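Can you build the whole structure from these sequences, using the hints too?
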Amino acid sequence: HQGDTLDYHNLYPLAEHAEILSDLLKTKVDYIDDVCGPAAIKAVKNLKAGEAIILGNVRYLTEEVSVFETVVSLTPQQMTDTWLVRQLSPLFDVYINEAFSAAHRYCPSMVAFQEVLPSAAGELFFQEYSVLSNVLHNAKKPSVFVLGGAKISDAFGMMEQVLANGTADKILTTGVVGMVMLMAKGVEPGKQYSAFLKDKDFLQFVEPAKKYLSEYPGQIEVPLDVAYEKDGARVEIAIDDLPIDDVSFLDIGEKTIEHYGSIIETAGTLFCNGPAGVYEDKLFELGTRSIMEKVASAPGFSVIGGGDSVQAAGKYIDLNDISYVCTAGGAMVRFMTGEPLALVKAMEANSDKLAAIL
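For the sequence shown, my numbering begins at 1 and goes up steadily by one.
No lab work stands behind these hints, which were simulated from the structure alone.
Given the structure is predicted, the values throughout are model-derived calculations rather than measurements.
Even glycine gets a Cβ: it sits at the ideal position worked out from N, Cα and C.
All clues given are correct.
Pairs of lysine-lysine residues, derived as DSSO-like cross-links and limited to a Cα-Cα distance of at most 30 Å, are as follows: (1) K198 - K211; (2) K185 - K141; (3) K191 - K255; (4) K141 - K210; (5) K255 - K230; (6) K230 - K200; (7) K211 - K191; (8) K48 - K28; (9) K315 - K140; (10) K255 - K185; (11) K141 - K255; (12) K210 - K255; (13) K170 - K141; (14) K191 - K210; (15) K255 - K315; (16) K170 - K198; (17) K345 - K140; (18) K45 - K353; (19) K48 - K353; (20) K255 - K200; (21) K211 - K141; (22) K191 - K230; (23) K185 - K170; (24) K170 - K315; (25) K200 - K211; (26) K42 - K353.
Cβ-Cβ distance ranges computed for the label pairs, FRET-style: (27) D231 - K26: 48 to 56 Å; (28) V94 - N10: 25 to 33 Å; (29) F126 - E236: 41 to 49 Å; (30) K141 - E215: 18 to 26 Å; (31) K230 - S22: 46 to 54 Å; (32) K185 - G307: 28 to 36 Å; (33) G307 - P208: 23 to 31 Å; (34) K42 - E265: 53 to 61 Å; (35) G50 - K315: 36 to 44 Å; (36) N134 - S66: 27 to 35 Å; (37) L91 - E160: 40 to 48 Å.
Below, the structure written as C-alpha cells:
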C-alpha cells in the first residue's frame with residue numbers, strides 16, 4: 001500500500017521492500033510483481049512453512065485508490081466481492097495488519113478481509129495505537145503539543161480535539177500554523193505573505209484560530225519573531241515590527257526558539273507534528289533543528305509523528321533520543337482528532353471471528 005493516483009511519485013513496485021525485509025529477517029523474502037493474479041496465487045500456494053513473500057503494490061488496483069474510497073464508497077461487506085478479496089481470501093487462514101499508517105484508509109485491503117477471515121493487529125500496530133492512546137487520554141502533565149508545517153488542516157483538527165478534551169496544556173505553533181494564529185491575533189504579515197495564504201486557501205483557518213484563542217486563553221503560544229530572506233541572507237524580524245511587504249516568512253526566529261525551549265524542557269509529555277520552517281533550505285533550518293534538539297534533550301515523554309516531522313528529526317537528532325517515533329501520518333492525525341479509524345472499526349466489528357479460533 002504505497003502511493004496513490006495523486007501521490008504518483010511514490011507509486012512503484014515493492015521489490016526494494018522485499019530486499020530490506022530480507023536483510024531485517026536474515027532470511028530470503030521473495031517479491032512477486034503481481035497483486036492477486038495467477039503469479040501471486042501460485043506463489044502463495046507454493047509457500048512452505050517459515051517462508052514469506054511480498055506481493056505487488058495494492059495501489060495498482062483500481063479498488064484500492066483513494067478515488068474509489070470516496071466516490072464508490074462500498075460497505076466492508078460489499079468490498080468482499082472485489083477482485084482482491086475474492087482472489088486472496090481463500091488462500092489464507094488469518095489476516096494480520098501491521099499498517100497503522102494506513103489505518104484510516106477505507107479500502108478492501110484495510111477493511112474487507114475482516115469480514116471473511118479472523119483478523120488481528122500486529123505488534124507494531126498495537127504499539128502505535130497504544131502510545132497515541134496514552135498521549136491522547138493519559139498524558140503525563142504538563143502536556144505540550146508542537147504543531148507546525150504546511151498541512152494546516154491537520155494541525156487545526158488536532159488542536160480542536162486536544163484543547164477541548166484537556167489533553168494539551170500548551171500548544172506551541174510554528175510554520176504556517178503559527179502565522180495564521182498571528183493573523184487571528186490581529187497581526188498583518190504583509191502583502192506577499194497574505195497573498196500566499198489566500199492563494200493556498202489558508203485564510204479560512206483564521207476564524208477557527210480566533211475561536212481557539214478566545215476559548216483557551218494562555219494555552220496557545222505564537223511566534224515572537226520570524227525569519228525571511230534578503231539578499232541571500234537570513235533576516236529575523238520581531239512580530240511587533242510587522243507588516244513587511246515583498247517577503248515570505250519561512251522560519252521562526254531565535255526569540256521564539258528560546259521561549260518555546262523553556263516550555264519544552266518542563267513538559268511531562270511532548271507531541272511534535274510538522275517542521276517549524278522550510279528546513280530543506282539552510283537559511284531556514286534553525287527553527288526546526290533547534291526545536292527537534294530541545295525535544296530530544298527534554299526529560300519528558302516525547303512523540304514525533306508524521307512523515308515530514310520524522311524526516312526532519314532524523315536529519316538533526318538521533319531518533320533513539322525520542323521516546324516514540326510514530327510511522328503514521330494521516331492515520332495519526334485522524335486518531336489525534338478523535339476520528340474513528342476505518343481499520344480499527346473493521347476489526348472491532350468482526351472480533352468474534354478471531355475469538356472463535358483462539
